[in-house]
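Visitor: Spelled out from the first residue to the last, the chains are:
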Amino acid sequence: MAEGSGGEVLRGPHVLEYPYRRSLGPALGRFFTGLRDRRFEGIRSRSAGVIVPPQEYDPDTSEALDEFVEVGPAGAIVSWTWVTRPRKKQPLDHPFAYALIRLDGADASLLHVVDVGDESRLATGVRVKPRWAVERGGGIRDIECFELEETE
Amino acid sequence: MSEEAAPVTYIVTPVRLEYDHSAGNAATLFLRGLAQRKIIGTRTGPGQPVLVPPRGADPRTAELALEAVEVSDKGTIVSYSIVRVPSENIHFELPYVCINILLDGADVPFFHVLQNCPLDEVRIGMRARAHWVPDEQLAPTIASIEYFEPIDEPDVPFDRIREHT
Chain W
1 MAEGSGGEVL RGPHVLEYPY RRSLGPALGR FFTGLRDRRF EGIRSRSAGV
51 IVPPQEYDPD TSEALDEFVE VGPAGAIVSW TWVTRPRKKQ PLDHPFAYAL
101 IRLDGADASL LHVVDVGDES RLATGVRVKP RWAVERGGGI RDIECFELEE
151 TE
Chain D
1001 MSEEAAPVTY IVTPVRLEYD HSAGNAATLF LRGLAQRKII GTRTGPGQPV
1051 LVPPRGADPR TAELALEAVE VSDKGTIVSY SIVRVPSENI HFELPYVCIN
1101 ILLDGADVPF FHVLQNCPLD EVRIGMRARA HWVPDEQLAP TIASIEYFEP
1151 IDEPDVPFDR IREHT
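Chains as they are written, first to last, in this note's numbering: chain W, 1 to 152; chain D, 1001 to 1165.
It should be emphasised that the hints constitute simulated quantities derived from the structure, not laboratory data. One or more of the hints may lead you astray.
[As the list claims (entries may be wrong)] Taking beta-carbon pairs under 7 Å as the criterion, some of the chain W residues facing chain D (in silico):
(1) Ser-23
(2) Leu-92
(3) Gly-139
[Unchecked claim] Pair by pair, the computed Cβ-Cβ distance ranges are:
(4) D:Val-1015 - W:Gly-125: 28 to 38 Å
(5) D:Val-1083 - W:Pro-91: 34 to 44 Å
(6) W:Ala-133 - D:Ala-1062: 50 to 60 Å
[As the list claims (entries may be wrong)] What the simulated footprint calls covered on chain W by chain D, stretch by stretch (three residues with Cβ under 8 Å from a Cβ of chain D suffice, anywhere in the stretch; the number is not a length):
(7) 25-33
(8) 98-108
For each residue, glycine too, the CB sits at the ideal point set by N, CA and C.
Construct the complete structure from the given sequences, taking the supplied hints into account.
Guide: Right under this line is the structure:
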C-alpha cells in the first residue's frame, strides 16, 4: 500500500492474479501441438463437418470424435470487428481486427487477430494466412496474427 | 522447435486484474496505525463492538463506525487452519498455521499467521502476540506484523470465546 501524506486516504496498486495451468486433453492437445509445429488440425464430425479448433465430442450427437484433419494454413474472413484503440493487454499495439476465419478445409471458423494496418482492406471473404510467432508451444498466441494472403 | 518435440499437454492462461485501490477512511486509519506499531479498530460509539480491521460501518446495522479504538497486539486464537499448499506470494515455510485471533479489546477476530509453534500445540483458546518488523521497516501495511507467536499465558476457556470460534 502506497504511503500518502498527512490525513489523506491511502491508495495503491492491488494486483489479483491466478496463473492457471490448463490441461488440454486429447483434442486440444493435438491442436496446440500442431500450432507449435506450424500446422492446423481440425476434427471431422458427422453433424458439423471439420471443426477447428477440434472438440472431443460431436456438438449435436455427442459421439466421440477422433478423425483429425489437417486444414489451412490460409483461410477466408467470415466476420470481423475493428479495434480502433487497442488496450494494453490486447495482442497488438496498433489498430487491428478480431476476425472469425474459416481455414481452407474447415467447416467452422477460428477466432483470431488480423493485422492489416487499415480497416478498409478488410471484407468478408478476404484471404488471410497466419504469421507464426518465433517462440511457440504456448497456446493460441503461437499464431502471432493473421495477415493478408497477398502481402507476399 | 523440432517436429519431434514432446506433445503440448497444457497451456498457461493467467487471469490478472490490476486495481488502483483506495483503502478508504477506515482502512487508512488502521494502516497508519500499523506504521506506528498500533492496531486500531473502530466502533459506532461507546459500548459498541470494536471492529478490527475497521471497514467503516457496523456490518450488522450499517451504522457508521468512525470512532477509533486502539486494541492490544495480544489476543486469543479462536480458529486456525494448517496450510500445506504452497503459494507464490507467501514466503512462510510449509506447513504453517493461519489463525483467527480475537485481540484483547476487539469484538471480531483478526486473520494472520502463527509462527514459532509446533503444529500439534496450536489450539483454540491459546494466547498469542504480534511479532512486529523492526522499527525501520514499519509501514502502513499489514506486513508490519510479521506473524503472531504463542505467549506464556493461560488458555482462555472455550465458553468465553465460543461465539467467535
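Visitor: Compare the structure with each hint and give your call.
Guide: To see whether the hints hold, each was checked on the structure:
Here the hint on Ser-23 of chain W is kept, as its CB sits about 5 Å from the closest CB of chain D, short of 7 Å. The criterion of a C-beta within 7 Å of any C-beta in chain D is not met by Leu-92 of chain W, whose closest approach is roughly 19 Å, and the hint is violated. Hint on Gly-139 of chain W holds. Least Cβ distance to chain D is approximately 4 Å, under the 7 Å limit. In this structure the hint that Val-1015 of chain D and Gly-125 of chain W lie 28 to 38 Å apart at CB holds, the actual value being about 35 Å.
For Val-1083 of chain D and Pro-91 of chain W, the Cβ-Cβ distance of about 37 Å falls inside the hinted range of 34 to 44 Å, so the restraint holds. A C-beta distance of roughly 53 Å is found between Ala-133 of chain W and Ala-1062 of chain D, which places it inside the suggested range of 50 to 60 Å. For a cut-off of 8 Å, the count of residues in the region 25-33 of chain W with a CB near a CB of chain D stands at 4, and the three-residue condition holds. By the rule of at least three residues with a Cβ nearer than 8 Å to a Cβ of chain D, the coverage given for the region 98-108 of chain W is violated, with 0 such residues.
The earlier numbered hints that this structure contradicts are 2 and 8.
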